[in-house]
Amino acid sequence: MTISGTRTPVAERPRHSCAFPVSDEQLWEMTAAWIADGLSSGERVTYFEDGTAGAVLDRLADDGVCVDDVLDEGRLEVVGSARTRAMLEGSLKDVREVVRARIAAAVAAGHAGWRTTGQLSHALSVGRSLPDFDAALDDALLGQPARALCLYDRYRHPEDVVVALRAVHPYEVRIGAVYDDGLLRVTRVGLGRLRFAGEADHSNHGTIDRLLHTAFDEVLRASGGPDEIVADLSSLRFLDVAGAASLVGIADRLPGTHRLVLHGVRPPLQRVLDRCGAPFSPRLDVVPRERPRSERRRAGTGEERVREGERA
Numbered sequence: 003m004t005i006s007g008t009r010t011p012v013a014e015r016p017r018h019s020c021a022f023p024v025s026d027e028q029l030w031e032m033t034a035a036w037i038a039d040g041l042s043s044g045e046r047v048t049y050f051e052d053g054t055a056g057a058v059l060d061r062l063a064d065d066g067v068c069v070d071d072v073l074d075e076g077r078l079e080v081v082g083s084a085r086t087r088a089m090l091e092g093s094l095k096d097v098r099e100v101v102r103a104r105i106a107a108a109v110a111a112g113h114a115g116w117r118t119t120g121q122l123s124h125a126l127s128v129g130r131s132l133p134d135f136d137a138a139l140d141d142a143l144l145g146q147p148a149r150a151l152c153l154y155d156r157y158r159h160p161e162d163v164v165v166a167l168r169a170v171h172p173y174e175v176r177i178g179a180v181y182d183d184g185l186l187r188v189t190r191v192g193l194g195r196l197r198f199a200g201e202a203d204h205s206n207h208g209t210i211d212r213l214l215h216t217a218f219d220e221v222l223r224a225s226g227g228p229d230e231i232v233a234d235l236s237s238l239r240f241l242d243v244a245g246a247a248s249l250v251g252i253a254d255r256l257p258g259t260h261r262l263v264l265h266g267v268r269p270p271l272q273r274v275l276d277r278c279g280a281p282f283s284p285r286l287d288v289v290p291r292e293r294p295r296s297e298r299r300r301a302g303t304g305e306e307r308v309r310e311g312e313r314a
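Residue numbering for the sequence shown follows my numbering, beginning at 3 and increasing consecutively.
Errors might be hidden in some of the hints.
Derived lysine to any residue pairs resembling SDA-like cross-links, with alpha carbons at most 25 Å apart [what the hints assert, rightly or not]: (1) 95 x 52; (2) 95 x 41; (3) 95 x 110; (4) 95 x 39.
Simulated from the structure, these hints should not be mistaken for laboratory data.
Make the full structure from the sequences, and use the hints.
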């Protein structure tokens with residue numbers, strides 16, 4: 003996650019950042035990374051959701067965060083849709099009071115500070131000026147042990163609004179990708195290592211082949227490079243038969259010195275891979291996704307925990 007700023011030194015932790023994701027997968031990736039960073043920094047994190055908590059909690063679990071533990075311990079709070087919308091519909095004075103009260107509560111509870119992010123799109127439907135809202139939020143954060151990440155759909159806002167939103171944020175968060183078509187997102191996480199999120203179908207098979215072959219070429223060119231090409235599929239929710247057959251074919255075409263490792267494979271995807279001959283491919287390793295302890299405890303997508311947040 004890259005944070006770029008123009009008003010204060012980059013070494014200083016940003017108080018108020020913005021981001022303009024271009025796909026849902028990038029949105030979940032950014033949100034989970036921001037939340038996880040806050041948790042690891044000892045901050046209490048509040049996520050203001052609007053029908054998105056399930057996807058965010060799932061991505062956190064994919065990234066190795068024990069979601070139920072941080073919720074039970076009060077380190078992560080999910081504010082449900084009704085309360086999120088009520089805050090966005092309230093006065094700017096109310097926004098400042100809500101933020102300052104949560105900062106004070108986090109510090110009183112022994113946390114290093116308070117961090118927040120969430121969905122602000124409802125503000126548009128009630129005629130709220132997003133730059134005015136962000137200015138009020140920035141005022142509430144000023145001088146406090148707190149930070150906020152405001153997320154905006156890049157394609158939903160005209161260019162003049164994007165310029166205005168950037169003007170009231172000292173920093174912009176960016177997370178690059180080697181591919182993102184709105185359905186499948188692929189990021190490079192190391193030499194010969196790619197992470198796939200979303201859905202792989204007939205529309206992007208060719209891209210997957212190309213990216214894996216490029217990763218193999220990079221490994222071959224690197225001095226002392228690894229003998230494995232790793233595709234992290236922990237956030238890949240769908241893979242069709244043609245895509246599974248393609249992955250098996252890529253592994254079969256590797257030289258005997260290298261292997262393709264599919265890491266974090268979900269059970270439905272593993273069944274498809276098995277049907278396409280994965281167990282019989284000598285240079286393919288399929289590593290099942292280890293179900294996080296928090297996921298074993300919580301049912302479904304986390305909506306139960308959101309309802310608890312509504313009552314909090």
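Checklist entry - Can the restraint linking residue 95 and residue 41 be considered satisfied, given a maximum Cα separation of 25 Å? => result violated, 28 Å
Checklist entry - When you check the alpha-carbon spacing of residue 95 and residue 39, does it fall within 25 Å? => result This hinted pair is violated, its Cα atoms lying about 29 Å apart.
Item to check | Satisfaction of hint between residue 110 and residue 95, Cα-Cα up to 25 Å | outcome: holds, 22 Å
Next on the checklist: Please verify whether residue 95 and residue 52 have alpha carbons no more than 25 Å apart.
Outcome noted: Roughly 22 Å separates the two Cα atoms, so the pair holds.
Going down the numbered hints, you'll see the structure goes against 2, 4, while the others check out.
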